[in-house]
Amino acid sequence: MAIAVNEHADYDPSSPQVMNAFYRRLFPYRPFFLWLNQDHVPAKLYTHREFAFTLQGDVYIRYNSFHTADEFKREVLRLNPSRFEIGPQYSARPRDRKTLPAGALQPQRRELVFDIDMTDYDEIRTCCTDKKICKRCWGFIAAAVKVLDHGLRETFGFKHLLWVYSGRRGIHCWISDPAALDLTDDQRKGLVTFMEVIKGGKEQAKKVNVRGSKDEGSLHPVLKESLELLKPEFVDVCLRDQDCFRSEQGWETLLALLPTDRDVVGPLRADWKNSDKSSMAKWEQVMKLVGEMRTSNSPLFRKYERALEDIILQYSYPRIDAEVSKHRNHLLKAPFCVHPGTGRICVPVNPSLVDEFDPALVPTVGELLNELDRIPPDSGEARKADDYEHTSLKPYVDMFEKHVAAILRDSRGAKRAAKEESMDF
Amino acid sequence: MFKPSTRHNLPALTADVKINKRQSTSASSSSSSSSSRWPYRLNFYDQPPVLDITLEEFEVFAIARLRVLTHIEALSHRSLPFPQFSSAVGTYLKQHLPLSSNTARNVNVLEERRKDEIGHWVLRLAFCRSPDLRARFLRSELALFRQRFETDDAAERAAFLKSLQFDWQLVDAGEKARLETELKTCLWTSGTSKDEAFRAESWFKVPWHTVPDLVGQRRVYINGGMAYVPQSLQISLVLQAFGSRLERALELTAKNLPRLDEDERLGPVLDHLATSFLSGLGAAEYQSESDGNGTTVTADMVDDVARKHFPPCMRNLYDRLKRDHHLKHFARLQLGLFLKGIGLPLDEAVVFWRRMYGATMSDDKFNKEYKYNIRHGYGQEGKRMNYAPKSCQAILTINQPGTQDSHGCPFRHFSPDNLVIFLLSTYPQLDRSSPEMRDILDSVKTSHYHVACTRVFEVTHGLKKGQGLGPDGETVTHPNKFVDRSREMERDRMEAIKAKEGGGDEDVKMD
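Protein sequence lines correspond, in order, to chains A and B. Numbers 3 to 427, taken from our numbering, label the letters of the first sequence in order. Numbers 208 to 718, taken from our numbering, label the letters of the second sequence in order.
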């Protein structure tokens, strides 16, 4: 389905009229409500939930909460925010907070969320910097999604993961399993610390330290599994595409990450200084050197083998923003918002097709409104269906609805089980 | 399932302090029948005590335990390694709240256990009131329980665990064999070979979220949401069970407390206990001296003070800010509160930050996005909290820097090479191959960041090794103490010079 992108430039995402049209005609309120509420009747998961709106002109309103999905829609249309964020279910209605005694408003349940942002990759990506993103940088994100998705499902046993493109240069993950909703901050912290491998500030060269204090242990089985997943990604993304070790700064970082052994690092530096070898060639050279150690000096070989594994992790393991995941009260931008800078919709991403995802092809609010304009005004069919069904937003809403249906199926099952149990009582 | 029966307990303890006549076996008389209420030294405090106590005991027992908990809290702020922590707590316990095992002789074991239990239950009443108090009580009680658990007689401990009847699922031999490689890699052994340890060990399978600490340290294998906990790490499971039961019970007590038919003799005692716990901790926070002797710093003076007196962490942030005209959030927070601590008033702080951001930011953006945060730090916005400058401990342990962040402690968060470069370029007194530099790097290697920082202070202030900040060789524990001491030394020096000059003048006159 080819959509002419440059045909109309007249819809500006920063204009209030455009946003209003989007909220009026396109935002999928129904599945959005069900996704948060996990039930058809408004429950505490919805009524005690915090919504925060960012209005035009950067006015920020926190602690909104709504009784019903309709009330939410009315308020969105009235305020016409440039974006909005979702917080936790609190112990009381957040909107009542001024009437509550101090400390009575405590976060209780919340989806487990993850946030990966391209800025954390600035030191290792070579194609873009800062706010820019291209299909090539997406390789890092795709690798991250695959590893996290696998780990969260297989290791931690979660089922309902929703990956959402953040609209510019990152991706979010929302986990809606009841077990995830119930996690306390300590438990979230435990999980995140387990998953977080890349640590250390700007001035820390080696950012992967996961082998105990002497740096000699073997990798945790789960990390080992991630490493196997990442090996091909490392070759494709870091060596072939990004060519991370071509520049002097790039290969100096690589040398700094190798154990200091005069016979290895010195000659490599001398060799690379005067040549313009590709990252692939350099990596193969290092691999060959290390391979030769296997027979000649096996303790040293193991040391280098560990270092190489750590390098692969440092260049391709997901760099998550840990603080976002650790605390229940952290706000995160809602799916299907419009990114105020790019105009792109924060659409769900299918983790098994994440390689094919291209951020540049995500519909913008302007394109969607253009598509709406093109619906013949008198076609009876158009009347019946929701507006989004005639736009390229449809596949994304369908994906979202499928996800929501799975959550509802499980929560209904759980409720039935609880009912039976209470009958026993 | 455990049900905290606080409701039965509250009236029992309060209505008349001696309610139950059925169980008139008061502790002193029951010393002969050893297996009655307290068969074990350890206690999960599941059942509230139903017995007679005097008002005096009510208070004395509680204060004894409170003293222990406050001490534990103070110790835990020093972030000692557990063995050291445990022995420090142990000696203190022996003095204030001894608890002996069944085999102990010449001690009234039951009297000790009675005291221990009553103290615990009284403090529950005192500390259930606010979430903050509850959390702190829980933390200290957990540390206390852990200390006792680890020092307990092995046989008695096993018997105690058996009495609790946990329903942990044991991993059967087939599964153990199937997961051999995974379980083996997660086994941290010292000395004995892994194969041997593997054969001897047995595993429990529990939902991962019941052992978040072990998960965070990657000490356990996890698959399908289940964590495989080796028997040797059982303590985590026990602590988790102790903690979650106590937490739930405290919340329940809090809910029921208002319904308590209060006896006026107990309320004041409980209030007093709660407040003394709160005040016992103020010492770790930094109190600015600037309002005392009026040494305010203006925006213009910051640069000079920075060059002469700033500790390395702040020097790093300040230099970065000067160079990049930008700092990320936690870095701003760290530097901003520190500047407040050295006596930079709010209006000067606004001037300072505005100037530092320079042309990189419009006035509009500054006023909208940054001024609020500055005012917030000074307690002028939001919940109007007067935030204290961050201590070394906070800088070292809270909000670890992410990949693009520059805050934190250089000794801890820089890699050694970059630390050397930073120190050499910042402090001309240091030399790459000097013994001082070696001292500093050695301290860093052994994670004694305070010691490394103190050494920098000594070198840059012409002090001998070991002199430290204060008269008794104090180490750096707070960036603001570093500055205060540095400025104090400068003042002393100035005064000494002045005195000398003054003396000289007089000499001239005499002539």
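It should be emphasised that the hints constitute simulated quantities derived from the structure, not laboratory data. Computed from a predicted model, the values in this text were never measured in an experiment. Each residue gets a CB set at the ideal place from its N, CA and C atoms; glycine is no exception. It is possible that part of the hints are untrue.
In silico BS3-like links for lysine-lysine, alpha-carbon gap of 27 Å or less [what the hints assert, rightly or not]:
| no. | chain 1 | residue 1 | chain 2 | residue 2 |
| --- | --- | --- | --- | --- |
| 1 | A | K233 | B | K515 |
| 2 | B | K301 | A | K201 |
| 3 | A | K209 | A | K100 |
| 4 | B | K652 | A | K335 |
| 5 | B | K578 | A | K100 |
| 6 | B | K515 | B | K412 |
| 7 | B | K383 | A | K208 |
| 8 | A | K226 | B | K401 |
| 9 | A | K305 | B | K575 |
| 10 | B | K383 | A | K161 |
| 11 | A | K209 | A | K279 |
| 12 | B | K515 | A | K226 |
| 13 | B | K515 | B | K707 |
| 14 | A | K417 | A | K404 |
| 15 | B | K412 | A | K226 |
| 16 | A | K137 | A | K191 |
| 17 | A | K191 | B | K322 |
| 18 | B | K412 | A | K335 |
| 19 | B | K529 | B | K462 |
| 20 | A | K201 | B | K535 |
| 21 | B | K301 | B | K322 |
| 22 | A | K204 | B | K369 |
| 23 | A | K133 | B | K578 |
| 24 | B | K462 | B | K412 |
| 25 | B | K412 | A | K204 |
| 26 | B | K590 | A | K100 |
| 27 | A | K100 | B | K671 |
| 28 | A | K134 | A | K417 |
| 29 | B | K535 | A | K134 |
| 30 | A | K133 | B | K535 |
| 31 | B | K383 | A | K204 |
| 32 | A | K417 | A | K396 |
Derived coverage of chain B by chain A (criterion: at least 3 residues anywhere in the stretch with Cβ under 8 Å from a Cβ of chain A; other residues may be distant) [said to hold, decoys possible]:
| no. | segment |
| --- | --- |
| 33 | 267-281 |
| 34 | 361-367 |
| 35 | 426-437 |
| 36 | 640-648 |
The hints, checked one at a time:
no.	hint	result
1	A:K233 / B:K515	50 Å, violated
2	B:K301 / A:K201	42 Å, violated
3	A:K209 / A:K100	44 Å, violated
4	B:K652 / A:K335	42 Å, violated
5	B:K578 / A:K100	25 Å, holds
6	B:K515 / B:K412	58 Å, violated
7	B:K383 / A:K208	35 Å, violated
8	A:K226 / B:K401	19 Å, holds
9	A:K305 / B:K575	52 Å, violated
10	B:K383 / A:K161	26 Å, holds
11	A:K209 / A:K279	25 Å, holds
12	B:K515 / A:K226	49 Å, violated
13	B:K515 / B:K707	23 Å, holds
14	A:K417 / A:K404	20 Å, holds
15	B:K412 / A:K226	21 Å, holds
16	A:K137 / A:K191	32 Å, violated
17	A:K191 / B:K322	36 Å, violated
18	B:K412 / A:K335	37 Å, violated
19	B:K529 / B:K462	53 Å, violated
20	A:K201 / B:K535	17 Å, holds
21	B:K301 / B:K322	14 Å, holds
22	A:K204 / B:K369	51 Å, violated
23	A:K133 / B:K578	24 Å, holds
24	B:K462 / B:K412	34 Å, violated
25	B:K412 / A:K204	40 Å, violated
26	B:K590 / A:K100	12 Å, holds
27	A:K100 / B:K671	57 Å, violated
28	A:K134 / A:K417	46 Å, violated
29	B:K535 / A:K134	19 Å, holds
30	A:K133 / B:K535	16 Å, holds
31	B:K383 / A:K204	42 Å, violated
32	A:K417 / A:K396	31 Å, violated
33	267-281	violated (count 0)
34	361-367	violated (count 0)
35	426-437	holds (count 6)
36	640-648	violated (count 0)
Violated hints, in rising order: 1, 2, 3, 4, 6, 7, 9, 12, 16, 17, 18, 19, 22, 24, 25, 27, 28, 31, 32, 33, 34, 36; the structure is consistent with all others.
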